[in-house]
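Asker: In case you want the letters, here they are:
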Amino acid sequence: MNAIEIVNLTKTFGAKRAVDGLNMTVPQGAIYGFIGENGSGKSTTEKLICGLLQPSGGEIKLFGKSHRDQQVRSQTGVLIESPGCFSDYSVWNNLKLQAANLGIKNENEEIRRVLHLVRMDGAASNKFKNCSLGMKQRIGIAFALLGNPKLLVLDEPINGLDADGMRIMREILTDLADSGCTVLISSHILGELEKIATHYGIIRNGQMLKQMTAAQLNADCPTYVALKTADTDKTRAILQQTYGRADVDEQTGEIRVYNGSSADKVANYLFADCGIAVTEIRTAKISLEEYYINLMREGK
Amino acid sequence: MNANTNNNGFVQRLKTMLKVDARRMFTMPTVWIMFGVSLALPILILVMTSFMGGTTVNPQTGAEETVETFTNVWQAIGSASGNAMAMDLTSMCNINLLYFLAAIFVCVFVGEDFRSGYVKNLFTVRSRKTDYVFSKTVVLFAATVGMFVLYFVGAMIGGAIANLSFDVAAVGASVGGIVACMVSKVFFALVFVSIALTLATVGKQKLWLSLLGSLAAGMLLFTMIPMMMPLNSGAFNVIVCVAGGILFAVVLGAVSDVILNKTSLV
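Chains as they are written, first to last, in the numbering used here: chain A, 37 to 336; chain B, 10 to 275.
There could be a bad hint or two in this list.
[Stated by the list, open to error] Have a look at the derived ranges for each label pair, beta carbon to beta carbon:
#1 A:K321 <-> B:M37: 51 to 57 Å
#2 A:L331 <-> B:T36: 45 to 51 Å
#3 A:N166 <-> B:A178: 56 to 62 Å
[Said to hold, decoys possible] Okay, derived cross-link-like pairs now, DSSO-like style, lysine-lysine, Cα gap no bigger than 30 Å in a straight line:
#4 B:K24 <-> A:K172
#5 B:K215 <-> B:K138
#6 B:K24 <-> A:K141
#7 A:K132 <-> A:K163
#8 A:K97 <-> A:K231
#9 B:K138 <-> A:K132
#10 A:K101 <-> B:K215
#11 A:K165 <-> B:K24
[Claimed, not checked] Non-contacting residues of chain A with respect to chain B, defined by C-beta distances greater than 10 Å in every case (computed):
#12 D105
#13 E326
#14 N330
Since the hints were made in silico from the structure, they are not lab data. The C-beta atom is built at its ideal place from N, Cα and C for all residues, glycine as well.
Bound conformation, chain A alone:
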């Protein structure tokens, strides 16, 4: 059974179709990276999943049941945009309210647990309004984790986090996924997402452009040899003649060879056969970010 199954979901705001016939499948236990440009419909989709917006059409199923099902709802933890906290309340009191809302039996124990998970043990008595942006994001995660949810929906949770905060967030999400929790996470920080996601969904203009597993992405992102020489144009022309035009391109003064050759082999060929000295060479892999940007360019 999938954790989230969306069929032909539509949401219109007046004449604007924010979500336009979206189909999406998130398997149980996955960390699903939900990617898209600003205004592509990510947050709207997440709000629809969480029942905060009413769909104009289509169907959302969570764990095989309607997303309106009370039992399913009580298993969902959410951080959409910013944590919904009362600014004059302490972190502890805000969490107490949500614990009461969830009907958690051992409130204090559970609050201590989630605060410890997000490394905020010492901040319980701080007023929410006095917390930094990074702290607020972590409190938002703590909110979402209350009651051990089976599904976490996180909208830009790593925004505003420092390097350590991002590492902590990575650890938390990986641990959660290991324990069987499904995580739907949207973010523009693709480098971070790439480190943890097991599945991806790329949305554009409210429609699903591509869904894939991390393994499929890996297969779609070839390794390449990136090199620099004193004469970029000449080197590119030679390499395109040798390896084919499709396998050689140039990006920001760096020539890339995609045919699977090793760096040594390319460097030796250029120096020994063509008399061109390579000033810089490395083997790299297309990142999620590059893949995404290329996909967006192709679409345009």
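Chain A is already provided as a structure; the job is to place chain B on it using the hints.
Answerer: Just chain B, lined up with the frame of chain A:
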């Protein structure tokens, strides 16, 4: 199923929602401010108006004019005449002012849920909005009852300070009539709470909209109050107000429920 939560049955959901709302209400300063105002307002009104001595000077003509001021403490609780169109000081500045205060409180309390984004936490784990509407109606009505009780106490204190008469018969009422009047007024507050709650669910983050709507609706009802709940009320007045209050709570509660179900919450 969550390991350590139990929020699926109707009673359980209602219990948890009431717990959240009660905890929220009594930890926010607004409720204490409202209680303080409810207690202080009658004291201020009764003491200040007693200084007027029944006359005031018209600033334009310089002539001395007679003003109907409080001569009896029970005038602060209700109108003896039951005249809906009475525009004198005793009819305007009595316990009926609390209906506006209650409406403001409802709008602030509900609006804060939306403005802070707390509704995201609430409705993500609650598919049924009925719990929310029911719980809000109950806790806000309870707070309003508290405000009425405090106003009553304040009126007694203010009356004693201003040396007003406590003679029930002097205002053409009886103790039973005053009790019935108070009970009627308290239950009629449910009408104002329900209206303000519905408008607050319409206004959501827009506090000004719900406030304006609630105060405008309150003004329409305001003139009916002295007629519906005179100082010498009887069982009929109580029944009408209880039935009216419950009817408004049920009907407008259902409307609020539909609004929350059909509209975007964030």
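Asker: Would the pair K97 (chain A) and K231 (chain A) pass a check requiring their Cα atoms to be no farther apart than 30 Å?
Answerer: It holds: about 28 Å lies between the C-alpha atoms, which stays within 30 Å.
Asker: K215 (chain B) and K138 (chain B) were given as a pair; does the straight-line alpha-carbon distance stay at or below 30 Å?
Answerer: holds (20 Å)
Asker: Straight-line Cα separation of K138 (chain B) and K132 (chain A) no greater than 30 Å?
Answerer: Holds. K138 (chain B) to K132 (chain A) sits at ~21 Å (cutoff 30 Å).
Asker: Is the straight-line distance between the alpha-carbon of K101 (chain A) and that of K215 (chain B) 30 Å or less?
Answerer: violated (34 Å)
Asker: Against chain B, does E326 (chain A) keep a CB gap of more than 10 Å to every residue?
Answerer: Correct as stated: the minimum Cβ-Cβ distance to chain B is 34 Å, above 10 Å.
Asker: Going straight from one Cα to the other, do K24 (chain B) and K172 (chain A) come out at no more than 30 Å?
Answerer: Holds: K24 (chain B) and K172 (chain A) sit about 29 Å apart, inside 30 Å.
Asker: Tell me if the straight-line CA distance from K24 (chain B) to K141 (chain A) falls inside 30 Å.
Answerer: With Cα atoms ~13 Å apart, K24 (chain B) and K141 (chain A) stay inside 30 Å; holds.
Asker: Please settle this one: D105 (chain A) was flagged as non-interface, so is its CB more than 10 Å from every CB on chain B?
Answerer: violated (7 Å)
Asker: Are the Cα atoms of K165 (chain A) and K24 (chain B) separated by 30 Å or less?
Answerer: It holds: about 29 Å lies between the C-alpha atoms, which stays within 30 Å.
Asker: Take the C-beta atom of N166 (chain A) and the C-beta atom of A178 (chain B), compute their distance, and say whether it sits inside 56 to 62 Å.
Answerer: 59 Å Cβ-Cβ, so the 56 to 62 Å window holds.
Asker: When you look at the beta carbon of N330 (chain A), is every beta carbon of chain B farther off than 10 Å?
Answerer: holds (33 Å)
Asker: Given a hinted range of 51 to 57 Å, is it respected by the beta-carbon distance of K321 (chain A) and M37 (chain B)?
Answerer: holds (54 Å)
Against the hints set out earlier in the document, violations occur for numbers 10, 12.
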